[in-house]
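Chemist: The primary structure of each chain is shown beneath.
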Amino acid sequence: MRVALLVTHIRAEEKLLLAAFNKRGISPDILLDRELNFELSRGGEQLAPSGIAWRDYDLVFERCVSTSRGMYALAILNCWGLRTFNTYKTAAVCGDKLRTSIALTRHGIPQPHTRVAFTPQSAMQAIEDVAYPAVLKPVLGSWGRLLARVHNRDSAEAILEHRQTLGDYNHHIYYVQEYVDKPGRDIRAFVIGSRTVAAIYRASNHWITNTARGGQATNCPITPELDAICVKAAQAVGGGILAIDLLEDARGDFVVNEINHTMEFRNSSKPTGVDIAQEVIDFVIGQIGVLA
Amino acid sequence: MDATPLCPECDAEVEIPADAMENELLACAECGSELEIMSLQPLALELAPEVEEDWGE
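Going down the list, the sequences are from chains A and B.
Per numbering that gives the first Met the number 0, residue 0 is the first one in the first sequence, and the count goes up by one each step.
Per numbering that gives the first Met the number 0, residue 0 is the first one in the second sequence, and the count goes up by one each step.
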């Protein structure tokens, strides 16, 4: 069984995944996204940077920290008929918060009230329609970067002017959400295929609770309600190996906030007691029908 | 593995884990710079690329 691990560089997660592959007797080739150079018309016959023809890989596991490189690589590889995790279809939806919201809406999955506008003037109206405090997010981006909680019209005007003046066209897509007054924490759940295998609370005094921003991880019990909404959300965006971020609203109900398709989990195995990397790899191996 | 390499930013010695891999990221304990192991034989470190806007999960 021949597997390629496509990466920008090696982080803690990739080392854990490689160790999990090794436990099953598989040694993936590591491919760096910086070395890719695709001839689109030649398909999988051409050689990957490893010197092996792309078509000879049973699986390409995409773990790029560069969302755009990973997504376009998946687009090309899936077009050639290669099996990948995740798929381009899933990555393209999850890599874009607006497309994720559309998918959640289409499948009737609860999420924060969301509006979209394309000019500062209409965005101001969208913010006031949502009501203060509102949250402005770039549609592309991760790790809690450039999120803004907007408390009043003065702040809104300043943020919109900055985004319109300093941001590129991506920042002129104004994605506005209600602020969910969560109980000092959010939930990250790890869905692999049709199972929620682990979940953590991410607690922080800051309203942004990403562990990349200092949120503290503790185990979150997987109730039937949590499992149901997570699996449904994962399926809504195309399925695969996904991290679902959820908020608890004032009534204690779950709303899906974001879905990540190249999830980080280094801080999550210890509090949950679940070997997330091994769960991922065993699922992947099972999917390609070769149990080593 | 070679002798302890130096941080390209601050010249401090950088401890390389026994299970280190090429293209692995690590932080300089002295200055906090994020470094990438470009080669294990010989050991070579470079400053890791700056985080780009599309980087993430």
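Possibly wrong hints are sitting among the right ones.
Said to hold, decoys possible - Every beta carbon over 10 Å from chain B, so not counted as near; a handful from chain A, in silico: (1) Leu-17; (2) Ala-235; (3) Ala-242; (4) Asp-274; (5) Phe-282.
To be verified - Below, a sample of chain B positions facing chain A; criterion: calculated Cβ distance under 8 Å: (6) Asn-22; (7) Glu-35; (8) Glu-45; (9) Glu-49; (10) Glu-52; (11) Asp-53; (12) Gly-55.
Hints are computed from structural coordinates only; laboratory data are not their basis.
Just so it is clear, the structure is predicted and the values come from calculations on it, not from any experiment.
Yeah, the Cβ is synthetic: ideal placement off N, Cα and C, and Gly gets one too.
Chemist: Now tell me, hint by hint, if it's right for this structure.
Modeler: How the hints compare with the structure:
1. Leu-17: Since the minimum Cβ distance to chain B is about 8 Å, A/Leu-17 lies within 10 Å and the statement is violated.
2. Ala-235: Fine: 18 Å to the nearest Cβ keeps A/Ala-235 off the interface.
3. Ala-242: violated, 7 Å
4. Asp-274: holds, 17 Å
5. Phe-282: Its Cβ never comes within 10 Å of chain B, the nearest being 18 Å, so this holds.
6. Asn-22: With a minimum Cβ separation of about 5 Å from chain A (threshold 8 Å), the hint on B/Asn-22 holds.
7. Glu-35: holds, 6 Å
8. Glu-45: violated, 11 Å
9. Glu-49: For B/Glu-49, the interface hint is violated, since the closest Cβ of chain A sits about 12 Å away, which is over 8 Å.
10. Glu-52: holds, 6 Å
11. Asp-53: At about 4 Å, which falls below the 8 Å cut-off, the nearest Cβ of chain A leaves the hint on B/Asp-53 intact, so it holds.
12. Gly-55: holds, 2 Å
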